[in-house]
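Chemist: One letter stands for each residue in the lines below.
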Amino acid sequence: MSHHLLEFRDVRFRYPDGTEALKGVSFLITHGESVGIVGANGAGKSTLLLHMNGHLLPTSGGVTVGDVPLRKETRPEIRRKVGVVFQNPDDQLFMPTVFDDVAFGPLNLGLPPDRVRERVHAALRQVGALTLADKPPHHLSGGEKSAVAIATVIAMQPDILVMDEPASSLDPKARRAVIGLLNSFAHSKIVASHDLDLILDVCARCLVIRDGAIVADGPAAEILSDATLLAENNLELPLTLQGRPAGEGTRR
Amino acid sequence: MHMADALLSPAVGVTFWAGTIGTIGYASKKLKEHLDDRKIPLMGVLGAFIFASQMINFSIPGTGSSGHLGGGMILAVLLGPHAAFLVMASVLTVQALFFADGGLLALGCNIWNLGIYPCFVAYPLIYKPLAGDGRSAQRILVASLASGIVGLQMGAFSVVLQTLLSGKTALPFGTFLLMMQPIHLAIGIVEGFVTAGVIHYVRAARPEILDSSASTAPLAAGISLRNVLIGFVALAIVTGGALSWFASAHPDGLEGSIAKVTGKRELPEQEHGIPAALKSVQEKTAFLPGYGFKPPANEPKAKKEAPSWPAVDAGTSLSGLIGGVLVLAVAFGIGWLIRAFRGKNTA
Amino acid sequence: MSFEAAYSGIGRLDRLSYRDTVVHRLDPRAKVVATLLFVVVVVSFPKYEVLSLFPFFLFPVLMAALGDIPAGFIAKKVVVVSPFAVFVGIFNPLFDPSTVAIAPGVSVSAGWVSFASILVKFALTISAALLLIATTSFPGICRGLRRLGLPALFVSQLLFLYRYLFVLMEEAMRVVRARDMRSFGKRGAGVRVFVRIVGTLFLRTVERAERIYGAMLARGFRGDVPSMRREALRPSDAFFVLAAGCFFALCRFVPVPQMIGRLVRELAG
Numbered sequence: 000m001s002h003h004l005l006e007f008r009d010v011r012f013r014y015p016d017g018t019e020a021l022k023g024v025s026f027l028i029t030h031g032e033s034v035g036i037v038g039a040n041g042a043g044k045s046t047l048l049l050h051m052n053g054h055l056l057p058t059s060g061g062v063t064v065g066d067v068p069l070r071k072e073t074r075p076e077i078r079r080k081v082g083v084v085f086q087n088p089d090d091q092l093f094m095p096t097v098f099d100d101v102a103f104g105p106l107n108l109g110l111p112p113d114r115v116r117e118r119v120h121a122a123l124r125q126v127g128a129l130t131l132a133d134k135p136p137h138h139l140s141g142g143e144k145s146a147v148a149i150a151t152v153i154a155m156q157p158d159i160l161v162m163d164e165p166a167s168s169l170d171p172k173a174r175r176a177v178i179g180l181l182n183s184f185a186h187s188k189i190v191a192s193h194d195l196d197l198i199l200d201v202c203a204r205c206l207v208i209r210d211g212a213i214v215a216d217g218p219a220a221e222i223l224s225d226a227t228l229l230a231e232n233n234l235e236l237p238l239t240l241q242g243r244p245a246g247e248g249t250r251r
Numbered sequence: 000m001h002m003a004d005a006l007l008s009p010a011v012g013v014t015f016w017a018g019t020i021g022t023i024g025y026a027s028k029k030l031k032e033h034l035d036d037r038k039i040p041l042m043g044v045l046g047a048f049i050f051a052s053q054m055i056n057f058s059i060p061g062t063g064s065s066g067h068l069g070g071g072m073i074l075a076v077l078l079g080p081h082a083a084f085l086v087m088a089s090v091l092t093v094q095a096l097f098f099a100d101g102g103l104l105a106l107g108c109n110i111w112n113l114g115i116y117p118c119f120v121a122y123p124l125i126y127k128p129l130a131g132d133g134r135s136a137q138r139i140l141v142a143s144l145a146s147g148i149v150g151l152q153m154g155a156f157s158v159v160l161q162t163l164l165s166g167k168t169a170l171p172f173g174t175f176l177l178m179m180q181p182i183h184l185a186i187g188i189v190e191g192f193v194t195a196g197v198i199h200y201v202r203a204a205r206p207e208i209l210d211s212s213a214s215t216a217p218l219a220a221g222i223s224l225r226n227v228l229i230g231f232v233a234l235a236i237v238t239g240g241a242l243s244w245f246a247s248a249h250p251d252g253l254e255g256s257i258a259k260v261t262g263k264r265e266l267p268e269q270e271h272g273i274p275a276a277l278k279s280v281q282e283k284t285a286f287l288p289g290y291g292f293k294p295p296a297n298e299p300k301a302k303k304e305a306p307s308w309p310a311v312d313a314g315t316s317l318s319g320l321i322g323g324v325l326v327l328a329v330a331f332g333i334g335w336l337i338r339a340f341r342g343k344n345t346a
Numbered sequence: 000m001s002f003e004a005a006y007s008g009i010g011r012l013d014r015l016s017y018r019d020t021v022v023h024r025l026d027p028r029a030k031v032v033a034t035l036l037f038v039v040v041v042v043s044f045p046k047y048e049v050l051s052l053f054p055f056f057l058f059p060v061l062m063a064a065l066g067d068i069p070a071g072f073i074a075k076k077v078v079v080v081s082p083f084a085v086f087v088g089i090f091n092p093l094f095d096p097s098t099v100a101i102a103p104g105v106s107v108s109a110g111w112v113s114f115a116s117i118l119v120k121f122a123l124t125i126s127a128a129l130l131l132i133a134t135t136s137f138p139g140i141c142r143g144l145r146r147l148g149l150p151a152l153f154v155s156q157l158l159f160l161y162r163y164l165f166v167l168m169e170e171a172m173r174v175v176r177a178r179d180m181r182s183f184g185k186r187g188a189g190v191r192v193f194v195r196i197v198g199t200l201f202l203r204t205v206e207r208a209e210r211i212y213g214a215m216l217a218r219g220f221r222g223d224v225p226s227m228r229r230e231a232l233r234p235s236d237a238f239f240v241l242a243a244g245c246f247f248a249l250c251r252f253v254p255v256p257q258m259i260g261r262l263v264r265e266l267a268g
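Protein chains in written order, with numbering that gives the first Met the number 0: chain A, 0 to 251; chain B, 0 to 346; chain C, 0 to 268.
Please note that the accuracy of each hint is not assured.
Taking lysine to aspartate or glutamate and the EDC-like style, the derived pairs with C-alpha atoms no more than 16 Å apart in a straight line are [unchecked claim]: (1) A:Lys172 - A:Asp200; (2) A:Lys172 - A:Asp196; (3) B:Lys31 - C:Asp19; (4) A:Lys134 - A:Asp113; (5) A:Lys22 - A:Glu32; (6) A:Lys134 - C:Asp19; (7) A:Lys80 - A:Asp196; (8) A:Lys134 - C:Asp223; (9) B:Lys28 - C:Asp19; (10) A:Lys22 - A:Asp158; (11) A:Lys80 - A:Asp200.
Quick caveat, the hints were computed from the structure, so don't treat them as lab data. Note that the coordinates shown come from a computational prediction; the quantities given were computed from them, not determined experimentally.
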């Protein structure tokens with residue numbers, strides 16, 4: 000049985016300098032889905048994501064999470080349900096040690112110290128970073144930082160996990176680890192990325208956004224094999240779908 | 000320009016630490032009252048920015064020497080005096096620990112010299128009035144220069160005072176001033192230009208940053224601040240002087256400093272050589288005739304030829320030397336043994 | 000010191016501070032108090048006292064040896080930061096020429112003795128400060144300072160600064176490298192370029208701060224940075240401070256080297 004989890008109703012957003020970043024975005028995400036969001040640079044992906052946890056408020060239209068409508072006063076409640084992992088882990092890890100970072104969210108939720116400790120250990124174990132608990136963030140590798148950044152959010156046990164470019168600066172091994180991690184989560188997921196192969200591996204559904212509006216919404220496998228649609232959005236077929244002719248440029 | 004522990008006496012060091020801690024507490028409390036949450040990460044990251052910027056050097060035109068950024072003024076313009084002071088204090092604390100810039104006791108003096116004067120004196124009393132609403136580039140330049148120069152002059156003078164009140168140096172007041180003030184005048188001018196340049200750059204790129212900070216630095220606070228500040232400085236000087244007076248009962252040279260103020264003692268005249276030359280320089284630069292901080296040990300024993308401090312005779316000295324060498328050998332020997340033992344265990 | 004050298008120096012000190020030795024495990028408050036006591040006692044020695052300072056070397060030596068901190072590394076850092084103290088101290092021999100006998104038949108100007116005193120005090124106080132950070136992680140020191148009573152707002156500033164120190168240094172280093180690669184000789188390293196570099200770094204810093212603030216809000220931040228640790232002082236910490244304090248007091252008021260030397264001479268006949 001699925002119910003509405005995240006709903007955008009004709010959301011429009013204009014930045015203070017006048018740029019219209021979202022021009023009537025509407026979609027519905029239900030419980031348990033994993034949805035990718037793709038589009039050209041400047042299409043509005045980041046702006047869209049920033050509305051999901053109330054960092055930005057719509058100029059018109061409405062956002063609802065579960066049964067809570069997004070308003071200035073309901074932001075704290077929304078943030079309990081929607082966990083956002085931003086692109087740069089260095090911006091996300093701002094406490095002196097990994098433990099402190101992962102504990103930040105639960106402590107702000109008002110949990111008592113032993114419950115916080117439980118949540119921290121569970122989250123770190125889930126991302127495979129339990130041994131890093133006492134390290135300062137600047138001693139971590141890129142992959143470790145990404146994993147811990149995810150842990151800081153799942154420690155709050157949100158209903159939805161929203162991620163902006165989760166693997167952009169990672170080496171292939173770390174990237175593969177993040178993909179595996181995401182697939183192991185039971186949360187509903189929204190992933191915005193240029194890495195179409197990652198979207199293909201993680202998401203069942205895909206939204207394409209262009210110039211502040213949704214231009215396609217359907218199964219990821221379909222959308223991401225539509226070369227024309229992708230080309231219109233400054234995108235290419237995922238590498239795994241691009242057949243590489245043998246002999247052309249291959250090494251002997 | 001940083002004070003060093005080795006030049007300080009406990010009285011001066013502790014006094015300035017007391018003043019610094021008091022100011023940190025005051026600034027924290029004041030800041031918490033009207034704090035915009037966004038400032039919390041901003042202050043911290045700006046501290047890291049100032050720290051990193053201070054490591055970049057640039058060559059000063061016409062001199063061939065290199066300069067560094069101080070940062071107090073820029074911070075005060077962007078964050079207001081209280082926040083700027085806390086950021087400077089944190090930058091200096093990190094420097095004291097990681098770079099061993101001066102030492103832990105001297106940190107109290109350094110935060111005072113490099114934080115209080117730019118943030119609580121130069122900024123409210125010189126920069127703000129001169130810069131006005133911050134729209135004229137010329138006024139900003141004048142304001143930056145004036146406040147940079149004054150702030151650094153005060154800081155340099157403070158170092159001189161702290162060193163001399165501590166009594167560990169034989170450097171006369173006038174000579175020390177002559178060495179410190181002109182250099183810091185040059186540094187202040189450069190800092191003024193750099194400050195104005197950065198403010199100009201930021202105003203061109205993102206003016207809203209400056210406008211928001213201008214509104215959060217209430218000018219009214221500057222007036223009561225000034226009274227508080229004058230109080231602090233007076234307290235520091237009086238306490239430092241009073242404590243030094245008490246300490247002058249001990250043979251550690253401070254009596255000479257205080258006695259000099261009253262102009263009672265004189266150095267035995269040295270006719271030739273470097274001391275004479277320096278003495279003439281000193282006489283020319285002393286702004287009170289006969290004023291200068293001279294080694295105290297000389298006055299009471301001016302009549303004797305030999306040892307100039309009490310209780311030294313050849314016998315004790317030799318024992319002292321032997322014992323001293325032994326003590327050092329034992330101390331370092333213990334260290335070496337521990338390392339060797341540990342090395343064997345971990346090997 | 001070049002940017003790169005300074006950066007790696009801090010990096011090394013920072014990594015050393017996270018090791019696990021008996022000294023590292025001492026409570027930060029105990030180490031801060033002991034070090035401050037050490038510094039105050041050392042500088043309380045009179046202007047001309049040199050020999051009686053020697054026993055104090057035991058403190059930094061023990062901290063370094065038991066904390067597994069390379070001695071040469073500390074020594075080099077002490078030397079590197081000595082210029083100001085040396086510069087001021089070197090005038091002592093010039094302005095204090097009255098002679099003094101330090102050993103039978105050997106006399107020297109009092110200024111040299113006070114200069115030597117400054118140097119010894121410098122070596123002691125600076126090495127003690129370095130060993131404090133080498134054996135205590137910076138966040139640990141901050142937590143200790145918070146427990147000792149420093150305002151929470153200031154302490155959280157220190158922690159943020161530390162967290163982003165290396166990030167900002169790397170950013171600055173990249174920009175400086177780019178500048179140096181494109182300036183042949185001194186032309187490029189002038190004030191105008193510096194102002195632009197600093198201005199750019201500043202704006203990037205402000206933008207970063209905004210992103211961090213967004214991340215903080217996303218995890219429920221409402222104005223107070225939460226903290227959880229409640230470490231209690233253990234008997235070993237109290238013992239450490241007490242033992243150190245007694246040793247410092249003893250060496251301050253009892254002329255240990257003199258006594259040892261006299262003993263040796265008596266034994267030698």
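Chemist: It remains to establish, for every hint, whether it holds in the given structure.
Modeler: Hints versus structure:
no. : hint                : verdict
1   : A:Lys172 - A:Asp200 : holds (15 Å)
2   : A:Lys172 - A:Asp196 : holds (14 Å)
3   : B:Lys31 - C:Asp19   : violated (37 Å)
4   : A:Lys134 - A:Asp113 : violated (20 Å)
5   : A:Lys22 - A:Glu32   : violated (24 Å)
6   : A:Lys134 - C:Asp19  : holds (13 Å)
7   : A:Lys80 - A:Asp196  : violated (28 Å)
8   : A:Lys134 - C:Asp223 : violated (23 Å)
9   : B:Lys28 - C:Asp19   : violated (37 Å)
10  : A:Lys22 - A:Asp158  : violated (27 Å)
11  : A:Lys80 - A:Asp200  : violated (25 Å)
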